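Participant: Counting from 1 along the sequence shown, just add 3 to a position and that's the residue number in the working numbering.
Don't take each hint at face value.
As the list claims (entries may be wrong) - Label-pair distances were calculated between CB atoms; the ranges are:
#1 Asp9 to Leu45: 35 to 41 Å
#2 Val25 to Glu229: 27 to 33 Å
#3 Arg232 to Phe33: 37 to 43 Å
To be verified - Here are the simulated DSS-like cross-link-like pairs (lysine-lysine), alpha carbons at most 27 Å apart as the crow flies:
#4 Lys151 to Lys70
#5 Lys82 to Lys70
#6 Lys82 to Lys126
#7 Lys36 to Lys196
Honestly, the hints are just simulated from the structure, not real lab data. Since this is a predicted model, take the numbers as computed values, not measurements. For every residue, glycine included, the Cβ atom is placed at its ideal position computed from N, Cα and C.
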Amino acid sequence: MTSLFDAFNDSIGEEYAFLKYVVYAFPVYFCVKLYLSGNFVLFYLVAVPVFLLFLALLSNGVNNVRKNRKEILTFNFFKIIHILFIGFIALAPTFLILFIIAYCLVSFVNLPFDISYLQLIFKCVVWLIVGSVALTAFLSFSKNMNIKSAYNFPIIFESCIDVLIDILFLIPQLVIMNGLIVGVVWYLFFYFKIPLTNPAFLFYCSVVFVFNISVLSGYFSQSAYEFIRGNDEEYRDNYYIKNSAAYKCSKKK
Numbered sequence: 004m005t006s007l008f009d010a011f012n013d014s015i016g017e018e019y020a021f022l023k024y025v026v027y028a029f030p031v032y033f034c035v036k037l038y039l040s041g042n043f044v045l046f047y048l049v050a051v052p053v054f055l056l057f058l059a060l061l062s063n064g065v066n067n068v069r070k071n072r073k074e075i076l077t078f079n080f081f082k083i084i085h086i087l088f089i090g091f092i093a094l095a096p097t098f099l100i101l102f103i104i105a106y107c108l109v110s111f112v113n114l115p116f117d118i119s120y121l122q123l124i125f126k127c128v129v130w131l132i133v134g135s136v137a138l139t140a141f142l143s144f145s146k147n148m149n150i151k152s153a154y155n156f157p158i159i160f161e162s163c164i165d166v167l168i169d170i171l172f173l174i175p176q177l178v179i180m181n182g183l184i185v186g187v188v189w190y191l192f193f194y195f196k197i198p199l200t201n202p203a204f205l206f207y208c209s210v211v212f213v214f215n216i217s218v219l220s221g222y223f224s225q226s227a228y229e230f231i232r233g234n235d236e237e238y239r240d241n242y243y244i245k246n247s248a249a250y251k252c253s254k255k256k
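Model the full structure from these sequences, guided by the hints.
Facilitator: Laid out in structure tokens, this is it:
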């Protein structure tokens, strides 16, 4: 069963965790400063590579937790570039097709019922379902870093509703977690009448954002394990099998 608490504990217990949060907070902080200054052209030029960076970190984090590795976030930029390359091959076509389908549905399909907010509800449902398929494809790819897994549509469609329900349960937990982490600092700034645009508060929120990526890596890894069906080998303990006599004997054969 997925647990945000377990993901939280794994994130704060990771080696050099705070250093990673601080280092990766700098590009987030830079994007926030550009946005607040109104420099939107430069903001988008910077935000796109930063978004891809954190998408690769998240994907790698899911894989690291799934494989019982010691680190969640990585400083190995060669690995990040590799993940971006194979991730583009694995996910870009699916994401593009899903976006086109969702856009066409919400733009050109009008429900023949004159009920308030029904059309808005329809659009939300479409984006939720399409988003859950995209996220399931992302998790299916990330848990083994296998391009073929991202195109295993029978498994993806079979799992996407379970993943969606799991994410809907995750959202209020994330809100509470971030409310506690950010809320205390926000109150101190509010109490001493320090503006929230103060660099210290913005950088703190940037660090919290990176921490969320680490927590989501652990949580999404659990979701991939729980809801995306794999072969029997995937559900065995990696450390136990690789050190067992039976495993070594079977490899010799």
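Participant: Is lysine 151 within 27 Å of lysine 70, Cα to Cα?
Facilitator: Holds, because 18 Å separates the two Cα atoms, which is no more than 27 Å.
Participant: Within a Cα-Cα threshold of 27 Å, do lysine 82 and lysine 70 meet the stated pairing?
Facilitator: Holds, at roughly 15 Å.
Participant: Range hint 27 to 33 Å: satisfied by the CB atoms of valine 25 and glutamate 229?
Facilitator: holds, 32 Å
Participant: Mind checking the alpha carbons of lysine 36 and lysine 196 for me, to see if they're no more than 27 Å apart?
Facilitator: It holds: about 20 Å lies between the C-alpha atoms, which stays within 27 Å.
Participant: Can the suggested window of 35 to 41 Å be confirmed for the beta-carbon pair aspartate 9 and leucine 45?
Facilitator: holds, 39 Å
Participant: Taking only the CA atoms, is the gap from lysine 82 to lysine 126 under or equal to 27 Å?
Facilitator: violated, 37 Å
Participant: So the hint says 37 to 43 Å: do the beta-carbon atoms of arginine 232 and phenylalanine 33 match that?
Facilitator: Once the Cβ atoms are compared, 41 Å apart, the range 37 to 43 Å for phenylalanine 33 and arginine 232 holds.
In this structure, the one hint that does not hold is number 6.
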